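Chains as they are written, first to last, in numbering that gives the first Met the number 0: chain A, 0 to 542; chain B, 0 to 190; chain C, 0 to 415; chain D, 0 to 353.
Honestly, the hints are just simulated from the structure, not real lab data. Treat the hints with caution; some may be incorrect.
Going by beta-carbon spacing under 8 angstroms, a handful of chain D positions derived as facing chain C [to be verified]:
1. Glu77
2. Ala102
3. Lys112
4. Pro124
5. Met140
6. Cys142
Keep in mind the model is a prediction, meaning the values are calculated, not measured. Beta carbons are placed, not taken as given, at the ideal position from N, Cα and C, and that holds for glycine.
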Amino acid sequence: MMNKAFAVTLDPATSLENHTGSWRTLRPENVFKLPPCNKQCPAGENIQQWLYYAAEGNYEMAWRFLTENNPFPACMGRVCYHTCEGKCNRGFLDEAVGINSVERFLGDYAIEHKLSFKRPAKDTGKKVLIIGAGPGGLSAAYHLRRFGHSVHVLEAGAEPGGMMRYGIPVYRLPRNILDAEIARITDMGVTIECNHKVEDIEAEKKKGGYDAVIITTGAGISSNVDIPEGDTNHILNALNVLGEIETKGNIEIARRVAVYGGGNTAVDVARSLRRLGAEPIIVYRRNRDKMPANEEEMDAAIAEGIQVKWLSTITGATKESLKIEKMKLDESGYPQPTGEYEELPADAVVLAIGQNVDKSILDKLQGLKVERDAIVIDPETNETSVPGVFAAGDVASAKDRTVTLAIGMGKNTARSIHAYLRGVKYKKQPKNEDARFEDMHPWYYTDAPKTVRPELELARRTNTFDEVQYGLTEENAIYEARRCLSCGNCMECDNCYGVCPDNAIRKLGAGKGYEFNYDYCKGCGVCAQECPCGHIHMVPEKI
Amino acid sequence: MLQVRLHGRGGQGAVTTAEMLSLAAFLEGRFAQAFPSFGSERTGAPVVAYARIDEKNEIRTHEPIQAPDVVLVQDRTLLAVVDVFSGIHPSGYAIINTTEKPEDVVPELCKQLPPGHVLTVPATDFAVQAMKMNKPGAPMLASLAAATDILKLESVQQSFQTRYPGKVGDANAEAAALAYNFLKEAIKGGK
Amino acid sequence: MSTEQIEGSLGVAKAVSLCKPGVVCAYPISPQTHIVENLGKFVKSGALKHCEYLNVESEFAAMSVAIGSSAGGVRTYTATASQGLLFMAEAVYSASGLGLPIVMTVASRAIGGPINIWNDHSDSLSQRDSGWLQLFCESNQDAVDTHIMAFKIAEKVGLPVMVCMDGFVLTHAFERLNLPSQEQVDAFLPKYEPREFLTPKEPISIGSMVGPEAFTEVRLLQQRKMLSSLQVIEDVTKEYREITGQHSGGLLDCYNCENADLKLIILGSSVGTAKDEIDRLKAQGINVGLISLKAYRPFPYAALKAAVGNSSQVVCVERAFSFGARGIICPEVKRALEGTSTKVCTALAGLGGRAIYGSTINGIVKHALDGKFKDEFTWFDIDTKVLNSYTRNALGITFPEGPIAESELEATLLRA
Amino acid sequence: MLDKINFYQTGSNTVGNRLINPSMRTEQASVDRPNSLTCGHRACQGCGEALGARYAIDAAMKATSGQIMVVNATGCLEVFSTPYPESAWRLPWIHSLFGNTAAVGSGLAAAAKVRAELNGDSVTPRIIAQGGDGGTTDIGMGCLSGMFDRNDDVLYICYDNEAYMNTGVQRSSATPPAARTATTMPVGEEPGSDWGKGKDVPLIAMAHGIPYVATATIADLRDLETKVAKAMSFHGARYISILVPCPLGWGLKSSALTVTAARLAMETGFYPVYEAEYGQITSVRKIRQKQPVINYLQIQRRYAHLTGKKADPNVLARLQAMCDANIEHFGLLGDEAPQLNPAAIQAYERSKKV
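Turn these sequences into a full structure, and let the hints guide you.
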């Protein structure tokens, strides 16, 4: 040991005695914010979280986190209209993250690697009946089974899947994919009984000794409009057309077909018919801007050669043509008749102007409130006006009817029933505050445009039902996952740990994040300022 | 103790001459001291250097020499500007670097000092002859040796050869020998 | 031991080289140049091994490099003078505050302006309070020996040492010097073992900021070291003298002090001149003692008191003074002699290279014996002709021939 | 596959990045980083110098396996790191004076060499001398230049915060024009620091022909660490100037803006970031997202007189022109290797006056 001079010479790191944390007036804290993608996802997926693992190449972990909320990643990766991407903060920087593609990659990865869901550790002994094996019903079944309840699903159709099977064309969702993801649910012990149309809900419940029931019968009846027609012109409905294509693989229909409507179903029908050799023309009463159909789907339809007759209503039909009235949009965007007419040569009309709920079985359930084509449910619990009876999916949602929403409702209903079965009233978890782009530090992210999914060349697409969109390669999937900004949540970039002038942040090791060392943190706020994700808040100290 | 004062001009090596004088004495086993008049004089300016020699005792004093036993004038032009013989001992020696005779250069001094104590020697000529340089130090010291027997010629030569090993030292030694012989001849002739 | 007829600067360079310094830094200033020039040659020629020689860009850098190298745990040497010492002054204080045993030669020289390159003691004495030991040399032999002792003293005490030798008078004097052999020096001065130094093996922080809470205590401990050096100087001197047989160093040295009622106190190269004069006076039946003050810092109060004994008069021959005050040595001597009846005064002489002759010493002695030192402070070697050539016209006053006592200088203010 | 994807979410812009190979992460991202300047120091909140010093010294420690000894000039860094009785340094460290740091470094380097020789050590500790801009570009300039001249084996790091912060924000020769300091108040016809004054010490360092000169900021850590590591790969005199904003002295709107301010200094071209070997510029850090100078100025109260209601737009234009001149001279934009014609920033103003 050296003979050190008094005071002039000091031992190393003796400053640790000086707890500079007492200087602090502001205190950094980690905040877990709600990324816009998560917020937007109708299925309530924690997208940022599973992208985090996907970015690391830990696909199974990513898939496990994804399926915490949604058991159909392979399906959703194909058919979800991914409104999440529209809200993605990366869109402010360059282009939104291709969330949907990564989801599909993970779904396909799980199928390819035969990943399965874990069966519940123990059974609760409670029984739940689910009426309808569509996305809502199967989602609820999955989640209830995870809770350990015993679940039985009754399905009127020949095969489970609901609209995923009978409403979405094969070129968008190959059936082996759907089958694989449904099989994974039944592998957990969920039982599905097909070709069983429930007539009396109360009776079924009593007969099976169920503790709760979920109605997920969907909205399977196409809406009708009154088109004055000569007896020769074919007028068909969209769901029947799609259903027939699904079950028979073909449909007998004329060459020139008018598809009437502007929603996704109209587009699905038109694109399906195009593959069967027809020349469909979409007739829609408003313009492209007002069209509810998914933009990408519509782009694809136009690219495949499908014609559109904008601002038109069908006022009459004869054997070979339709009488069309031209419309104009008023100030509030509603179409108004102009009194101008024209002829449109067409051999048939497919109505795709909406779907309705089959009320026949609902009417029989005493006390069930149904309003405006949907069962009335408590928005918190998804419970109907009949105690112990819950509803989810299209049958309980008049306004927004998508597969994704149905899956989300199914999950929520399952959670609600799980509470109900324990005699507790379910309350949705409060949402974290929004992760806003303004609170982030975009400078840190490198510029990287969205990977465009390779598409089947157009010529092939118009005459086969092969899947139009290929999935991402692994390389692309990682790349895309790594484009995630990790809004409002830590991605372990070490910025806070690095930029602290006082070394007052401890790094806990890979995957463990960081902790503030309040003994030394002076509360300067550099960590919060330089956190790319906006994951740190400065909170006033109590003084 | 013998005290010697040397007058020269910057660049002619007066300080070195004093040092060589002390070194020569040291080589002969005596105590000696040499020091310059200290300053920032540049080439051409009048320079004074001092030397002391003692047979037995350590030389303690560090005062400049005010009453020299010997005055060596390395540059005769100084005679007009500096009182080079100031304080010279009544029986002291003066040696002046010039080709002229003492009586012609310093007639007053010749009267003041004992006969034969004022000597002239063409030291520069010998220096240039042997070294091609106006460094009259070695011939001057050799003249002192010839005139007084204070030093041996060999000691003078050895001192320069010690300071400047090789050609330069040898050339100095040669110039010293020329001066020594010249003055010995002159003294002989004078007597 | 070897004996050589060499310049004082070369002797010092050889002495330093014998001490095997690890770092020598040099910035040229007259009259110190020859010392570092020679050391540079030794290093470059390989005669002095394991030594880094740095040509620095200023004296401030020289002392700073020395601080760095000394803190880096190697024996360190530099040299300066005059303006150079002042230019490095800030670092001079830093070196002592950090307790770094640097040895530095001050080839003493006057301080400008007006610029003056010749010898006096105003440079070294200006650093009186710098926390360095200041040892004065009376001859080149003393300088050679004191440098070697200085390293040992510095390293034992843990403070830097300034070896003050008169510029030109000693540095440029060509004299017979006895140089100890390398074996002798090695036996005397062991391999340098720093008490604290910078190394990654034991990281420490040297040079902290010390506030009011401990600064006084830091200074007290520094003073304690300085006080301890009195004994160290004596011990080291004794040891060195035994090994080499030289009579150098020490806190002070007395000459002809027995039974001398008048004693002179002198620092530096005039001591030898004074000794010769004292011998001459003795031959005339005048008995004068001489105290050569070797250690100015630490000031050897006790040793000085003992050396003065019961003399009735002490004259300090000083080569620097304090503006607005008086001599610099005299007040210290008075402190040492407090309680005695000895009269102490200053004879200021030898400023800016004005030579101190034997006759000057003689004059001072006569002046003292005649009881003419009426004030504490007297301008002794005034050239009245030069002074009056200006004052006669400019100030309308003239000075009488001879020394000017302080009161006489003050009186001219009334006359004017 | 993971390594094949060379896009890493934040790329190399953040301190760490869990997605990249650990060997490519910064030293600051390591749980084992030396923290050469550790907790408990008394720097102000958000101190850029404290951050810069830890960044640089840690990087040097890594590059030399811990064989670093530091000489520190008087200044904030010295005062806040070593007030008796506590030192925040974990390595051998010495402070002597304000203006002698480079020289003390030279001496220490010489000592390290000699000790290694004498002890037969295979490793010689390396020396870093460091100080603020005042201690470097003004009072320490003589010693710095001397150290460069001798090519002593010292890395000198200037933590440039563009004024004398320790004494209360007075102007130094590194203070940019128009900036308010305690000795260049925003009054009179040309408020703030004078135009056409100052010196560019990195360019001066280059003119010494020393092996390595670089500028860096605390806003590009990877660049900074790379430069420190590169500097340590050379022997001889090296110089790195690191821009370290001072929240107090610059009047940053928040102490949190330290790194952001440094980033804006780079992205506006206000502070060119480059490196040079043996007097020749070898690379330039390109601006990633060019910003107008106003974005940099408006977060600093020292420039409040340029951005307020009474601000003279000509002054702003003058500063923008200086940034543009920097961008041009140093080739700070674009991908191509620039045709370098670097000049001190103040040269632009001075040349206009002729």
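Now for the hints, and whether the structure bears them out:
{"no.": "1", "hint": "Glu77", "verdict": "holds (7 angstroms)"}
{"no.": "2", "hint": "Ala102", "verdict": "holds (3 angstroms)"}
{"no.": "3", "hint": "Lys112", "verdict": "holds (6 angstroms)"}
{"no.": "4", "hint": "Pro124", "verdict": "holds (5 angstroms)"}
{"no.": "5", "hint": "Met140", "verdict": "violated (10 angstroms)"}
{"no.": "6", "hint": "Cys142", "verdict": "holds (5 angstroms)"}
The structure fails hint 5 only (numbered hints given earlier).
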